[in-house]
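Novice: Residue strings, one per chain:
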Amino acid sequence: MRSPTSALLWEIWRRHRSTAAVIAAVTATGRVLEPSALVSMLWMVSFLLVFGIFTYPIPYRLFTLPVSTLRLVAVPLITGAASVELLNVMWLGRFLTGPTSPWFVAGLLGALMICYQAAFWMLERAGPLRFVVLGAVAVVVFAIGLAPSFPPTPPPPWRSEPAMAAAVTGLSALAFLLAWRHTARVRCGGGPAAPRIEPFLALAGARWSRTQRAFASPAAAHFWFEWRCSGLVLPVVVGGVLLAVIAPQSWFMRDDADGSFRLLLGALATPIVLAVPVGMAFARPTFWSEDLSLPAFVAVRPLTDEDIVAAKMKTAAASAALSWLLVLSFLAVWLPLWANLDGLSQFAIQLWSFHGQSIAAVYGIAAVVVIAGVFVTFRFLVSRLCSGLSGIRALFVSSVTSAVIAVIAWLVFDGMRLPVWILAEPARMSAVVWILSAATIAKFWLAAWFWRRAAPQHVWRTLLVWGAGTTSLLAVALVFWGAARIYVALDVLRFKALMILVALLALPLARVGLAARCLSRNRHR
Amino acid sequence: MREPVVAVTGLSRAFGAMKALNDVTLELPPGRVFGLVGENGAGKSTLIKHLLGLWRAETGRVRVFGLDPVSEPIAVLGRVGYLSEQPDLPGWMRVAELLRYTQAFYPQWDTTYAAQLLNQFSLDPDARVKTLSKGQRARLGLIAAEAHRPDLLILDEPSSGLDPIVRRDILEAIIRTVTDEGRTVIFSSHLLDEVERVSDYVAMLHRGVLKLCAPLDDIKGQHRRIALRFEVPHAAPPDVPGAIRVEGSGREWTVICDATRIYTPALADSVGATIVDDRPASLDEIFVAHAAVN
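Respectively, the protein sequence lines represent chains A and B. So the first sequence is numbered by my numbering: it starts at 1207 and just counts up by one. So the second sequence is numbered by my numbering: it starts at -16 and just counts up by one.
Each hint should be verified, as a subset may be incorrect.
If you want a taste of the chain A side facing chain B, the calculated C-beta under 10 Å gives, among others [to be verified]:
| no. | residue |
| --- | --- |
| 1 | Ser1423 |
| 2 | Phe1431 |
| 3 | Cys1435 |
| 4 | Asp1462 |
Treat the hints as calculated values from the structure; they're not laboratory data. Note that beta-carbon positions come from the ideal geometry of N, C-alpha and C, so glycine has one too.
Full structure from sequences and hints, please.
Specialist: Below you can see the structure in the form of structure tokens.
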């Protein structure tokens, strides 16, 4: 290598060349296929992967190199922007061929990459909270991108594409300068800004630690540990999405009844949808580490494997509950203050008429839906504990990959067609009922087998959680059945059996029992 | 006779083709400091991981306090304190939080003692672990390992890369532990002078094989270092009966030998040399001699 710049570039390439190959393959596939949901998915994946390549903290170890800070900052930032532009060129012609100019889109993507990297570096000390800010950065950049297309058309000069392009250029230049300043300050061991905030943090920390008392039990101590490591991630991400995505949209849609109703459904789905990716990391022994082996710090504690798994499950339950509390708090502010409630009112009236014109039934259904939502969120957080805690990378990767493939397949093949196809033919429904019945029996049989050596308190606690969750899901299933049978001509009894079986299968029971054994394999290699 | 704290029988462990432990058998009586020595990759950490239950015995049997550490982790680990070379303490925790967290697992945790050590080591309870230096982390790990006054303190190369003051703190901790009657220490280290200072039992591992395991005094009594001077220079090491290792050049050669197998005056006559120096071998010399044999 002839220059420091080429060495820095080589390092980025060397570390991520396999990801680059995947991006190339994904893009090539997307170019070959006819436009479809799959191609949209590939397009999205390729851009996410590019952003993934440039998601890394400030490279402290490079600080000792005889390279200027400007170069250390400029190489990854410019490479990131260039990479995303290159990818955009490769996808040109497949998407975004509307009235928006390709040059404007290219500018937005480059600005987003620079702002993203700069924010990621500058907010290093914020930990997982920075993802909220990154979400906000993305929303701001996309809002700038959408501004020229808002009515009236043509937009006023200050909202025209050239004006907005100048704004994003200024924004990315500002982000670059801030990243440069921040890195220079970190490189020389801090700057004048640091001492101003540190005493407050230290004082708050001291105050907090002084008020802490001894833990009541080892289980309580380990729950605290798990909660501090991973418990706040889902609530923080959910809170971030509510603030950065749902809240602005709710304001823009304040006059749109259907849009507001869809957004309400989106807000309710947020914890469940986000629990899927968060659950993939949550299943690992250490949330923030790629290493799947149980850290010695935890492994040498006098705790049983069941105790460690129980602490993880308790953390998942608390995390799901807190996430839903945030959603409900947001709804409590949004719905009465600026939401258009016409769509929701129509839906509520329909429920009211279906259920004996009882207002209590409507509120009861709403409560059951929320409770079921908490349990489904919990389900996605803990469903991969077996593979994650086993320490077997191949098993964990295949588990995660299968989930990703399932999501892609659902999008590509329009997954909603599957239940319609099943319900359309009684014979198909009957076969599915038999399959689900067998799966339910297998589930209970396996649960009994995997839980047979566990301590009774763990078994009872898990059964209690599973029982409560399944009851709420059964209630939701029966409400859904009650509504669906009116609109859809189908075999009512089989459909009811189908809904009950789905509710019984939804929450994991055997897998949670197996998790302790998988952890045992990891802990005692 | 008191039950051994640690009883390992026929323990073997292989990683692929490499045998990390090969038929290791040892017993450790209570109330002793047990020095575990060996070069890098000798199997010291692997043996310690078996004692902690972090590795399952592939072949053989491991018992700590008469129990299997894999199947009974609470009963075993509740009586063990452990400090490793790189204590993987969570960086986000504050010092006080870490101690409070650790305290929860050990009913016999001595809060006064922990506070005393914290004060002695000048550790700020509100400091985050990630802001501590390597030495401070080692000291914090030491408090966490020692404050519940464990029956068995396991130190896996705790002094590695640390300054002399921290090393002194660690040695003092070992001495403090053994002055409480019945407590036992397993101390693995490369620093043989440290092992020699505090250990009364020594086990030497070499490529997974237990070469020596005996009281330190017995080991030192069994090995002598004899310096020989020959009339004529030797190009190759002379053939000395009973020697474990012979090194030197020309007329001057040094022999580390098993004192129970040779009679020193006869040795000089048998090889045609003069004895220049004859003294007990240091642990360092014994270690190098046994390691070099293979």
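Novice: If a hint holds in the structure, say so; if it doesn't, say that too.
Specialist: Cross-check of the supplied hints:
1. Ser1423: With Cβ-Cβ at 7 Å, under 10 Å, it holds.
2. Phe1431: holds, 6 Å
3. Cys1435: holds, 7 Å
4. Asp1462: Status violated, d = 44 Å.
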